[in-house]
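6 protein chains.
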Amino acid sequence: MEEKYETLKIQQESPNSGVFNLIINRPSVSNALGLNFFSEFPKILNALDQNPTVAIIVLSGSGNHFCGGIDLKSLAAIADDNSGDQGRTRERLRRKIKFMQDAITAIERCRKPVIAAIHGACLGLGINIVTACDIRYCTKDAIFSVKEVDLAITADLGTLQRLPGIVGFGKAMELSLTGRRFSGDEAKELGLVSRVFGSREELKEGVRTIAEGIGGKPPLAVVGTKAVLIRSRDVNVEQGLDYVATWNSSMLLSEDLTEAISAQKQKRKPTFAKL
Amino acid sequence: MEEKYETLKIQQESPNSGVFNLIINRPSVSNALGLNFFSEFPKILNALDQNPTVAIIVLSGSGNHFCGGIDLKSLAAIADDNSGDQGRTRERLRRKIKFMQDAITAIERCRKPVIAAIHGACLGLGINIVTACDIRYCTKDAIFSVKEVDLAITADLGTLQRLPGIVGFGKAMELSLTGRRFSGDEAKELGLVSRVFGSREELKEGVRTIAEGIGGKPPLAVVGTKAVLIRSRDVNVEQGLDYVATWNSSMLLSEDLTEAISAQKQKRKPTFAKL
Amino acid sequence: MEEKYETLKIQQESPNSGVFNLIINRPSVSNALGLNFFSEFPKILNALDQNPTVAIIVLSGSGNHFCGGIDLKSLAAIADDNSGDQGRTRERLRRKIKFMQDAITAIERCRKPVIAAIHGACLGLGINIVTACDIRYCTKDAIFSVKEVDLAITADLGTLQRLPGIVGFGKAMELSLTGRRFSGDEAKELGLVSRVFGSREELKEGVRTIAEGIGGKPPLAVVGTKAVLIRSRDVNVEQGLDYVATWNSSMLLSEDLTEAISAQKQKRKPTFAKL
Amino acid sequence: MEEKYETLKIQQESPNSGVFNLIINRPSVSNALGLNFFSEFPKILNALDQNPTVAIIVLSGSGNHFCGGIDLKSLAAIADDNSGDQGRTRERLRRKIKFMQDAITAIERCRKPVIAAIHGACLGLGINIVTACDIRYCTKDAIFSVKEVDLAITADLGTLQRLPGIVGFGKAMELSLTGRRFSGDEAKELGLVSRVFGSREELKEGVRTIAEGIGGKPPLAVVGTKAVLIRSRDVNVEQGLDYVATWNSSMLLSEDLTEAISAQKQKRKPTFAKL
Amino acid sequence: MEEKYETLKIQQESPNSGVFNLIINRPSVSNALGLNFFSEFPKILNALDQNPTVAIIVLSGSGNHFCGGIDLKSLAAIADDNSGDQGRTRERLRRKIKFMQDAITAIERCRKPVIAAIHGACLGLGINIVTACDIRYCTKDAIFSVKEVDLAITADLGTLQRLPGIVGFGKAMELSLTGRRFSGDEAKELGLVSRVFGSREELKEGVRTIAEGIGGKPPLAVVGTKAVLIRSRDVNVEQGLDYVATWNSSMLLSEDLTEAISAQKQKRKPTFAKL
Amino acid sequence: MEEKYETLKIQQESPNSGVFNLIINRPSVSNALGLNFFSEFPKILNALDQNPTVAIIVLSGSGNHFCGGIDLKSLAAIADDNSGDQGRTRERLRRKIKFMQDAITAIERCRKPVIAAIHGACLGLGINIVTACDIRYCTKDAIFSVKEVDLAITADLGTLQRLPGIVGFGKAMELSLTGRRFSGDEAKELGLVSRVFGSREELKEGVRTIAEGIGGKPPLAVVGTKAVLIRSRDVNVEQGLDYVATWNSSMLLSEDLTEAISAQKQKRKPTFAKL
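Residue numbers (this note's numbering), protein chains in the order written: chain A, 1 to 275; chain B, 1 to 275; chain C, 1 to 275; chain D, 1 to 275; chain E, 1 to 275; chain F, 1 to 275.
Among the hints, a few may not be true.
One copy or two, it doesn't matter: identical chains are merged, so the pair holds either way.
[What the hints assert, rightly or not] As a list, the in silico SDA-like pairs of lysine to any residue whose alpha-carbon atoms are at most 20 Å apart:
#, residue 1, residue 2
1, K265, G34
2, K43, R111
3, K265, A76
4, K267, R180
5, K43, D102
6, K73, R268
The set of hints was computed from the structure by calculation and includes no laboratory data.
Could you build the full structure based on these sequences and the hints that come with them?
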């Protein structure tokens, strides 16, 4: 965890806390992100996932914005990498896009929940990132836009796959075709975020409290809930039910269950081992 | 229908009415439910489905709550059934979970609509039950919680499969990871219930009126609408369209259609035979 | 485009505009539609799709309503076509339904966006049509109803397949089983429409502005966004991501991208070739 | 197990054997089967599945044939149940077919393997039954035919769903459209059966040996192999892999594994507890 | 049917016969096919499907070969249509490929069976065509090759989608990566064809007999078998079973069924009305 | 490529050859494989995939066998890692299995074809590996067995997911439940391998020739064929067709296509750039 990163930084909420803040850290360019982000992000998420101290991750942006989108220079570089055989150029481009997609899907591969705490701008790439997160909160004055269409891009890092499941197909189409900006309040109304906070401080404080809440819950059940919800999204109801029955036949019988039941009976706060 | 049940009771809304009330009937324990519920519930639903007098079923709770969750003793019994070979223990546990899942999916297998009328607490198992119902109404002061995570359980009786389709993936994740309580009004805002009533009496009266409305509609179309919506949930749009075309090639041409068209022309109330 | 149609008419918004209005044109019968609509509609959409001048289509109704539903005479004709072998009757009926479904799915096959601008009644067939459109707007006093159930019909032209993805499964079930009427405001609250306008004039003006906005965007990205969203609806997230990566490896590298980037750098309005 | 059945009988291979023979027992009518078969068959399979003594089931026919198809009288009864409203007639017919399908799918629901030992005729319904079995063996002079098409029936009890996976799509289409008869040898060549035996005695003896072989294997792994193969048939490779990983996280760690490893090391025959 | 076609001709097997021969008719170029084929083929298949006299279609090649592949000039034209914006070039190319795919899928859309009778060369495009057919027969000296890879093409007209279901995934991969030639006998062994005939005359005669056999069967069941097999290929077993139950609730009760049962009882040849 | 590996070695077939041999290299233990294999294997495949010199990979075994299965010590270590909370033990086990699965799926992730050349024993893990390969060849005296069931294991590294697609569902079930040994000749008959060679020398020589053949083909089409076949396995036919149309709109227009067409016209051997 001590490694230095160019685009991100990691802060444990407090000593012994299971809450880890992962902060997009390019404030001088409104957290616009280039190719190095796509290398660093999955590496860090994987390390946090493996680290037993980490119970939950809060993703936010340093400076005035969550994420201003893709770095225009990186985009221009992709557009210009057009030399040589045009078939090979495109095969290479396809792999590049898949590499970037994979970096964002790392959020879903991480067993532990990732909460997005959004303030300021959350544009283009920012939407791709937060729709892959497990829960989203924002400030009142946050600004969102699925703006790829204005850059002549069919959004290709997850928004078109994940946004419809979150806000519904019709709203996703409208937002993606118009690329219009919408506020934190409308994000709440659309179902994109779960709560809106009045200020950045309230957001920080509010999300910290929620994160600590989840961080104190039985970790096997937290991890199971995330995994089963994601898996069930892609199969039908009958298959999802069979999956969770199999999952629980494996992981239900644990010290966490015993502790939770006995704490409930004894009306005390339970404590659970790390995962 | 005359049989006695330990966890449920059945009340025809009025003589000759097609509306049947199915009432969770363990008020002394806040309608917490144990293993006998999972035996009785599908048996009753199947009987109601076969009974031509029944047009629609309203599921509610007696006493102060809709359903307080799983009976802690039953849960403890599951947790303790850990003797013998650990592989066999888990194979047995998997079958137990599937047996319980199957009891709840009986709501979907029932051809006739099942409406949940929710007041008081609807926690854990309660959420699994109501998300399998076709329509949900509640009182203003109803209290909901996907609380399994706090009992160290990855919810395994349907909530993680059905809730995302009802409220969206993001909200389902937030509710399932936090386990937080939410009111009837928020349930409406989330899209979990279709309407909120001010009091239990208003709920009862309102749901009765709605149920009688549906109960008076052409039964083949009611049953077809439920079946096709459930089937279409699990296939893609093209497959769903083909399915409903095939369905209607079978069941559209009925006396109900003739009656509905001629009643419309004659501006009179139609009447339909039972199913 | 000069052809005459019985049920529809086409109006270019203004000379040189990429916005084309497609107007349901049976005002004397509240835009109730019969079999000729199902022949004309896909033919026109296909022609508009092929026409490079057309960037976007706005679908609306002439007279006082968007669409009053299926023409009762057409329905009666279907119900009466019951001669000859009953197996063959039903095979024929199945093909008729699939033919009508296909006419509506033409909206999705059209590469260019189709916006529904709804005023007055939008009943039964009307709902099937607008749920296949890409974006929906309406007036405050619009009236919606999934009213097939009252005609003894299991809705078979797309509502049961597309409405749940737009408003959620629970709301779709409630609307389809009750067939109840709901207003423009509730349509917004349900997520069925993206915005409500105070009057028909405001609707017209508002939708024109939005349509011109989308019409001025890079056409490859507009077409790509629609196509990828529709395709991703039917596959899982991993498959959708792979699909869009392959799509963009093909179509990202275009003059539109170069123009969009350089316009952004030069802070000027970009211009794009037709598609 | 002592109950008497009209269409089937049960014979334990020998005292203490885990092999149970389930015998279609209507030899006087070439084992043509009517509606009572569909009631008895799933009930028996369920009982055998629950019985810990049963390790594996061998399904065969008494008399000269495995199964001559559906009883013509039952079919005629279905064809004649055409009174009352034609829509309701068809809704009832659909349930009847699903009831019969469900009886055959009971073979897949049974956790323990079901082997078909086929001699003589295996026609129509017979094919539906054996394609739902886990392994198929036959005699050289067995006669097979997907003969529904000649009875004016689109085969509806599983053949059209399961045969393509066993013999390939092209062969399944050819056999189902022509309804032609084929021998045991061709059944082997087509991939429908795993081995052909020269006579009924050799079949009996050969299948007994194979069944005892499987019956002596670790039961959790036998049950797991069947369950995972069936589940993986319906999901994609990635989902199937995730499913079996979850399954084995639950059931791999058992006394069976310990016993199998230590027997292998000690070069002795392992013994396993019943399931 | 009297229309003239450039690439195909139609011959009724004999007056009053339900067997129609559809013959690829470019013998001077070994039945290599260009763009006009893709226009004519679906139009003809649709007309044959609508024509009640047609019960079954036999597809064959005139001259010495079934189909030598795509016309090299057409391919070069595609490769050279590279002017203008490269993004738009590719969008156009994608539509061209989908247009050609759609022409071949017309075989599956045709309700009536299409049998391929293959002699001589069946290369590249030829394989795409015959894998979409319902049954395949060939001569001993027929020559097959999935040869696209040698033309630097990823086969895109159906071979990679349909061949694995017919011969298995491993064989399809081997044939598609090596592009090697294989004979009629190996085609049989691979499962690609259902029977091999010694000469072109025997093929013609043999297929005629089989086609007349199928042509004399109850048409609703023939059409149902084809439709249900194709639909079941794309859904899981449970969904396929539900589909065929719904299908048969619609179309089982027909004069064909009554006739088939009574003919069977009276031991006479049944006769069925056209479809 | 110069790195040393414990379980594998890499040999370029000859200087400048695009054929690379990847050899399982634990001959002293019959190529039984432990945990280090699962680390090394995907790393090497990824490196070979990135290396433009590599056109195709041949996987074989050193010594007397292809692969004797999983190393019993590794298996015992897994069985014994049973300390601590049983829920956490199982969560850890699930991740271990997924890690091993992922190593084998690396064969499919590798864009370039991987051919298995099998001699001697190919047992358990060996079957999991070769079913993930693109083409399989073996010697006459090769010995295969899906032997996991005898070790009390539900095969969890891919066999149960991939074998049915290769040999059919019925044969896969029979082989997996019986665990019986079968020879190279039967492997051919089952469809598991594409050709059988008389001796190890002939296998080596034969596979080298085939590999060089594929290695000399246009690389974009080779890579495209593999990718599209694998993707199409998991989606339906319509979706697979759309996918390959999109793929080819991207990669068809290449120098490879121009070269292939002009070489064909000029009747000369084409040459293609590396990928």
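Which of the listed hints are broken here? Result: no hint breaks.
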